[in-house]
Structure formats: structure tokens, C-alpha cells
Amino acid sequence: MKNLLKYTFAALTIGLVSCEPEFDSPVTDGGFYSSGSANLSKFVAVGNSLTAGYADGALYITGQNNSYPNIMAQQFEFVGGGDFTQPLMNDNIGGLLLGGNQIAENRLVLAVGADGNPSPVRLDGTPTTDITNKLSGPFNNMGVPGAKSFHLVTPGYGNVAGVPVGTANPYFARFASSENVKVIEDAAAQSPTFFSLWIGNNDILSYATSGGSGVDQTGNIDPSTYGSNDITDPNVFASVYNAQVEALTAGGAKGVLVNIPEVTSIPYFTTVPTNAIPLDAATAAAVNANFAGYNTQILPGLAGMGIISAEEAAMRMINFSAGQNFPITTDKDLTDITAILQGPPFNLPAPTAALLGQLRQVNSDDLVVLTASSVLGSTPDPNNPQGVVGVSIPLADQFVLAKSEQDRITAATNSYNATIQGLASAKGLAFVDAKTALARLSDGGIPYDGGVLTSQFVTGGAFSLDGVHPTARGYAYTANMMIQAINDAYDATIPTVQIGYYPTITLANN
Amino acid sequence: MKKVLVLAVFALATAVTYAGGYRVSLQGNKSLAMGHTGVAVINSSESVFFNPSALVYLENKLSISAGAHGVLANISYQNETTGASDQTKSLLGTPFYFYASYQATDWLAFGLGVYTPYGSSVEYDKDWVGSHLVNNIDLQAIYVQPTVSFKINEKLSVGGGPIYVNGSVNFNRNLNRTLTDLDGNRSNVTIDASGVTAWGWVASTTFNFTDNLRIGATYRSEMILEAEGGDATFENIPNSPLTPFEDTKIDAAMPLPAELMVGMSYKFAENWLFAFDYNRTYWNVYESLDIDFANPAIPDSYNPRNYKNSSAYRFGLQYEATKMFTLRAGYYFDETPVQPGYFAPETPRGDSNNFTAGLTVNIGENLQIDASFLFSHFKEIDASYDHYLENGVAVPFAGAYKTNAFVPGLGVTYKL
Numbered sequence: 001m002k003n004l005l006k007y008t009f010a011a012l013t014i015g016l017v018s019c020e021p022e023f024d025s026p027v028t029d030g031g032f033y034s035s036g037s038a039n040l041s042k043f044v045a046v047g048n049s050l051t052a053g054y055a056d057g058a059l060y061i062t063g064q065n066n067s068y069p070n071i072m073a074q075q076f077e078f079v080g081g082g083d084f085t086q087p088l089m090n091d092n093i094g095g096l097l098l099g100g101n102q103i104a105e106n107r108l109v110l111a112v113g114a115d116g117n118p119s120p121v122r123l124d125g126t127p128t129t130d131i132t133n134k135l136s137g138p139f140n141n142m143g144v145p146g147a148k149s150f151h152l153v154t155p156g157y158g159n160v161a162g163v164p165v166g167t168a169n170p171y172f173a174r175f176a177s178s179e180n181v182k183v184i185e186d187a188a189a190q191s192p193t194f195f196s197l198w199i200g201n202n203d204i205l206s207y208a209t210s211g212g213s214g215v216d217q218t219g220n221i222d223p224s225t226y227g228s229n230d231i232t233d234p235n236v237f238a239s240v241y242n243a244q245v246e247a248l249t250a251g252g253a254k255g256v257l258v259n260i261p262e263v264t265s266i267p268y269f270t271t272v273p274t275n276a277i278p279l280d281a282a283t284a285a286a287v288n289a290n291f292a293g294y295n296t297q298i299l300p301g302l303a304g305m306g307i308i309s310a311e312e313a314a315m316r317m318i319n320f321s322a323g324q325n326f327p328i329t330t331d332k333d334l335t336d337i338t339a340i341l342q343g344p345p346f347n348l349p350a351p352t353a354a355l356l357g358q359l360r361q362v363n364s365d366d367l368v369v370l371t372a373s374s375v376l377g378s379t380p381d382p383n384n385p386q387g388v389v390g391v392s393i394p395l396a397d398q399f400v401l402a403k404s405e406q407d408r409i410t411a412a413t414n415s416y417n418a419t420i421q422g423l424a425s426a427k428g429l430a431f432v433d434a435k436t437a438l439a440r441l442s443d444g445g446i447p448y449d450g451g452v453l454t455s456q457f458v459t460g461g462a463f464s465l466d467g468v469h470p471t472a473r474g475y476a477y478t479a480n481m482m483i484q485a486i487n488d489a490y491d492a493t494i495p496t497v498q499i500g501y502y503p504t505i506t507l508a509n510n
Numbered sequence: 511m512k513k514v515l516v517l518a519v520f521a522l523a524t525a526v527t528y529a530g531g532y533r534v535s536l537q538g539n540k541s542l543a544m545g546h547t548g549v550a551v552i553n554s555s556e557s558v559f560f561n562p563s564a565l566v567y568l569e570n571k572l573s574i575s576a577g578a579h580g581v582l583a584n585i586s587y588q589n590e591t592t593g594a595s596d597q598t599k600s601l602l603g604t605p606f607y608f609y610a611s612y613q614a615t616d617w618l619a620f621g622l623g624v625y626t627p628y629g630s631s632v633e634y635d636k637d638w639v640g641s642h643l644v645n646n647i648d649l650q651a652i653y654v655q656p657t658v659s660f661k662i663n664e665k666l667s668v669g670g671g672p673i674y675v676n677g678s679v680n681f682n683r684n685l686n687r688t689l690t691d692l693d694g695n696r697s698n699v700t701i702d703a704s705g706v707t708a709w710g711w712v713a714s715t716t717f718n719f720t721d722n723l724r725i726g727a728t729y730r731s732e733m734i735l736e737a738e739g740g741d742a743t744f745e746n747i748p749n750s751p752l753t754p755f756e757d758t759k760i761d762a763a764m765p766l767p768a769e770l771m772v773g774m775s776y777k778f779a780e781n782w783l784f785a786f787d788y789n790r791t792y793w794n795v796y797e798s799l800d801i802d803f804a805n806p807a808i809p810d811s812y813n814p815r816n817y818k819n820s821s822a823y824r825f826g827l828q829y830e831a832t833k834m835f836t837l838r839a840g841y842y843f844d845e846t847p848v849q850p851g852y853f854a855p856e857t858p859r860g861d862s863n864n865f866t867a868g869l870t871v872n873i874g875e876n877l878q879i880d881a882s883f884l885f886s887h888f889k890e891i892d893a894s895y896d897h898y899l900e901n902g903v904a905v906p907f908a909g910a911y912k913t914n915a916f917v918p919g920l921g922v923t924y925k926l
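These protein sequence lines map, in sequence, to chains A and B. Going by our numbering, the first sequence opens with residue 1, and the numbers climb by one from there. Going by our numbering, the second sequence opens with residue 511, and the numbers climb by one from there.
Hint data in this document are derived by calculation from the structure and do not stem from the laboratory. We put the CB at the ideal spot given by N, CA and C, even for glycine.
Beyond 12 angstroms from chain B on every Cβ pair, some chain A residues (computed):
hint : residue
1    : Asp83
2    : Gly100
3    : Gly137
4    : Val165
5    : Gly166
6    : Ala238
7    : Ala250
8    : Pro345
9    : Phe346
10   : Thr352
11   : Ile393
12   : Gln421
13   : Ala426
14   : Ala489
Short derived list, chain B residues pointing at chain A, Cβ under 10 angstroms:
hint : residue
15   : Ile585
16   : Ala594
17   : Val639
18   : Leu692
19   : Pro748
20   : Asn749
21   : Leu752
22   : Thr753
23   : Phe888
24   : Glu900
25   : Asn901
26   : Val903
27   : Val905
28   : Pro906
29   : Ala910
Assemble the whole structure, with the sequences as input and the hints as a guide.
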């Protein structure tokens, strides 16, 4: 009997201790997945806002937690990945302070207005992230919102004193290891065994989002002379990009390079239709009458005088009709005829001459940016109900990305992408074709287990409320692209994530 | 666009689930030790549950049995595509029983039983990968059953009585896979209802071929727990008219299925008894779990379950080793009521093989200590729940499950 009791209790004890049901092959076991020939123990991600996890026009904690490098790092943990640290913001409000003064706006949220319609608004609240509070790194996520390719190799880019004068970046100022250090130096100093590099987007994007208000600097190889909205010279890009890959691979690290998507893939440029002005027949006729002189006398006259080409004259014709109409806009690529119009034979008053100086109607080849939606059709002067933007007041150049401007962007993008892909193949690095991947979002979308991910603004799921940066779900899709490219390049079997588990836009009323 | 958004958000927010195969067969230490057989076994007041008609054949004037089981059940989940995995916390569930029988005359016996045949207690890590289906659930149902038993003759008896059930449920899940408040805390709902009552009945019969061979049958009726006026508590809801989730009342109904148990016992040698029971549980009553939120702004929740009737096959052996010790062992195979595609993680039970053992120690003439041990082994299975909808699209929740349970039990029997 004693023995029986003893065995019973022994059995009970063993039973209770070994309670956890073990799978035959648990995914948590080290050997279930493989990193192939890649060593993921020290992963450093280098890039811009996309790498940082920027979304909804701001950087905030939950966005950072869903950055594509952080999602990748979580999956890397299955195959020996180490800790992944990020320079987290102080809150989920977004926005930045410099010595107590706000220098970057709060995040956007989708709020339901008094009219019952939801629209993106800035979240109320005072940011608590002051860039003078230095974080002590190093950080695996070296994504610096706003950085262009050459900024990563610019000394002093993290010097807080340079932030007010525009020579330094407020985000990098928070965690740069010293005032003069370069972003790429802080990245390489961590001796990564694996890296990702996605840079170059801003080299064309700020030109694009500003409606081409910058300068195409192709041919100018001195980036210190560039304005913030300029297009970076492709040779400059190639040179700095090559230097960055050299720096990151110096210790034998493997990595993944990512190319630059087309701006036409993102809702910032595809949401506002080019013909956003609805007019009835009577209004259209009245507006047309205002431009009759411009259409029938000035333009043919200037063409006849050889001041503008017949082609330009045709392009500048203004014509409204009943239904949806293209707004009028100022295009600085047109011949400026302001001064000519003030002289004979036209003798127009200065304000009229200025209005017509570089005037044309938007056409279907143009892209109208997202922020134009709050301007188009508005009457900036409350005392003049006739002064309607797009009808009698030209839509400013910054809201329209003309075909000629798009062509400059495409040329630069193609050149950058040739550099990126060429280096990936020369160095034996994994390569992600983000250009094709993002194009798929606007061309039918990506099916997933809860629907279809598209680039449709607000409802498509891929893009956040700023129309440029992905949502967490968009970043998860990006992370899966990266993981698949790594699996292909290095014979790894890192598991991807289910993007349906990642949120999209944030609902909040202030 | 507003409408689209509202629809999207609402559709994301609906599937509430309660429990799956939540039958807990732990209605007596003596019976459990023999594979939970007992329809045709006459040796204690555990017959109040297994077969009330057998009470009239008990030798003692008064017989009382009471006890409890400690249930240590563990569920492991993993998804090989994503690497997601989770294990439930080891909660100690304690189903209990109390049975008394009183031999009024040679042909009439009365009995009273209090027992817990249905229940479930599962807790995953908060916000685990299946949290849109369940974070945790605690379901309890206590049956109170007075019975009467008539001996028609030495071979045949009948018995039965009414059943009063008092149930409660507490359940939490996230509203969907992604909704959070501004700081990323997942939006979730807790459903709580207690003091839910219902009435049912039990009827049974026993037939003795010989002193050594007998058969029996017991039918326990279905009862529906109608939770009216339960509480729904929402947490971490975004401040937006598009997510109008606020605390409200709920109505819901959950079935406690009917059960038919037939059994035989055969005393094939001196001191040796073999028992076999067949159980049929009429789970097909559990078609769907629907939750009606009192607040009309909150869409009601429809959750198909589509259970099928299920069977259990039970084998038990008893050996009266000495005057002091009676040893028991058993095995049963328990078929799952869950059909493919309806495998929800709140009670992820596949078919199980169950091994039991136990003993009774006689302490003096009137008192017995009953001990039992059950090990439930569920095969590792790949399964999915395919009826969770997001924006009107079914989002299957799939993966591999492995479950086991260790159930030690202890009880006393008092005879006079």
C-alpha cells in the first residue's frame, strides 16, 4: 500500500510538472525556422521616415512599434535575431518640441465633423517629445524622418543647434551620438551582422509633394547648394548610396536594399481628381466670357508674335463647361507673359496681367496633390464671393504636379533605382522592388485574409492619413516584402506576418 | 464614405463566442476512476447522477458522497506560417459534487444531487493572436437534482426527478484584430451574466438480469440558459462616433445539451467488476451563439457553432483488493462535437483518449475516502474557425492545437 501511494503521488507530481502540452515540432524551438546564410543577431535598419515608422504626418510610439524594421526584427527572433531598439518618441500625440516650442505638428486622426463626415484632423494636445532631451543609443532603427540620401553622410545632421537654421534634423538630433556624427557612422558603429537600407525617397518626394516648386538639380553635384524641395542629382545619389553600402558591409554584414516607388503609387497624388470643379452651364458660360479675351486675342496674338509656341497657346486655352471642370492654375514652366501683357498692344492692368502671366487649366496629365482639397473651390476673400480658387483665382503651382515635373521625377527615380539594383546584385545583397510592390496597391490591390489592401485614401488600408506614409498594415506588407526577399536571397525560411492583424487609420474625435 | 467606414468598423466588431464542447465529465471519484462509467454500477450515491433508479438497490439506509476534482487543463496553439503561438494559463478548475440517497422503504428511495456537468475555464495571454475570438472565459453551471427511485421488482426499477440549474458566464475578447484606442490598447468587451437559471429533468431505469449482470439507461434533458440582462462592458474604445461602443445589457442563450447514457456492468469474478457505458450528448442544439446588445447602436453578434451530436465510449474495471482497498481503472474515448471549420479556441477540444485510475480506502464501517486521477490526451490537430467575419469577409483562424488535462480528485463517502 505504501508503495501504491508513493507511485500515485509520484505520477501526480510528474503529471503536474509536465502539464504543458508540447507540439511535436514547436515553432518556438530554435530549429523550426532558418536564417539560411544570413546572421540576423545584430540587425540595423537605415533610412528615412519610412524606416522610422512615421505615419499620419507624425512620429509616435505605436507607429514606431509597427515600423517595418521592428516587425522584421520580431520575426527575426525566430531565427536568432537579437534585441531591436528604437528611438521611441515620448507619446502617441506625435509632434516635436525644441526647447518647449512646437516645431513639428501632431499626428492626424480621422474625426467625424459637425456635418457627420469623417476627415483627417490634427490631434489636439501638446507634444511632450523635446528634441533637446537626448536619448542614449545606439539604436537599431536608424530611420531619420526627412533624410535624403546625402543627409546620411552629412556631418552635423544631428546637431540640435542646426535644427532652427535647417542644417540639422530634429529627429536625428534626439539620438545622434555626437554633434558632428553622420547617420551612417552611428549605424556602422554598431557592427551590424545584417542591415536594411531604404533611402532616396525624399530626394524626389519633397519636389513632388511641393508640386514641383523646387529645382531639378540633375547636373549639380554639390548637394550643399540644394534647396529642400529640389531633386537630387543621380550621380550624387549614386555616390553617397555606394558609400553607405560600403560602410554597412565593411564588417561583412549581409543586408537588403530597397528601391524607390513612383509617386503616382501614393494617394497624396491620386486622391484629388484633376477635374474637381463642378459648374452649371450658366456659371461656366459666365467664366468663359471672362477668359474670352485671353483665349481669342492674347494667346493667338502672342503665338503670332512668336513669343509663345502654338503648342503653348493651345495648352493655355481656358474652357469651362457644364459638369466637372479642370481648375485654372499657375504653371511656372510656362512663358511668363506678365510684363508683355502690361505693354502695347494689350495694355492690361498689372493685377490682370499677373493673373494671366503663367495661366493655364489643369489637364488630365497633371496630378493634383491631396492638400489642394481644402483649397479648391474656396473663396479666400470673404468679401468677394466671385474669387473662387480654381475658377477665378489660379490654384497655386505648389498644388499641381505637372507632366513635365513628373517626367523629371521619373527620370531621377529610374536612375536611383538602377544604382540600387546594380549595387544589390554586385554585392550579393537581397533586393526589394518596392516600386513594383507599391504599384500593385494602386493596380487592383493585394488580397489578404481580411480583404484587399489598396492605396485608396482612408479606406484602402495601406496608407495613413498623410497620404504619403503607410499605415501599420502597409508597413507589415512592406516587412513581408523584405522577409520574402531575404528568404530568397539567403535561403532562409523566416515566417511572414498576417497583415490583417495590423491596424490602419486611427479614429478619434478631439 | 462615412457609411463605408461605419460598416467597416461595425463589421469588425461582432463575433462573440462563449464556449465549445464544455461538458465536464467529472461527476464522482469512484465513477471517474472507472472511466466515468456508472449507469449500471451500484455502489454509492453517485448513482444520483449516473442512474437515479439504481438508488433503490443500494444496501445502505443512508449514503452520502461528496468530492471535488482539480482540473489542470492546458492548451497550446501555434501557427507555422507566422510563428504565432500561445499557451493558456494553467487555471485550476474545481468541479464538485454532492450526492445523498435515503432508502425510505424496500421499494422507495429518495436522492439529492448537486453537481457541475458543464463548465469551462480558459485564459490565454491577453491580446494573443486569437484574442478577437477569446481572451478568457469562465463558464459555470451548477445542477441541483432531487430524485425518487421506485423498485418495481427485484429486476426492474425506475427513477428520476427535476433538475434546477444555476449558471454564470464571464467572457472577454477583443472587438476585432486591430481596433485600439489612441495609445494602442486593444478595444475589448467583457460579457458577464450570473444567476441564470433553468429547469430540466432526468429519468432512468435499471434492469438486473442476474446478481452479477445488469444494464441501465439514463436520459437527462436539455436546458437552455437564457441570460437576460447580462452586462457588456467595453474597454479601450476610441473616442469616435464611428465606434459607438458603450456599456450596455445583453441577452444571450446557451444550451446545456441533453444526454443519453446507457451502460452495463458484469461481475465476472469474485471481487472483480467490469463496466461499460455509452454516452450520447445531443450537441446539435448548439447551432449558434447569438448575443443581443440592448443598445441598438451596437450590432448584435452571431456566431455559428454548428455542433454535432457526439458519443463517448467508457470502460471501467473495479477490483476489491482487500477489505480496506478497492482499486479502479478505466479508459474512455470522447468524441468531439466540433465540426471541421468550427474549431474555436475558447474550448478547442478534438477527440480525446482518457486514462483513469483510482482507489477507495475504507476507514471503518461507515467512511470511505475516494481518490481518482484522470489524464486526458488530445491528439495534436490542425484546425480552424472559419466563421469570424471582418468587413463581411470570413477570416479563418487556423493553427495547430495541442491540449491535455490532468485531473486529480478526492472525495468521501459516508454510509449508514
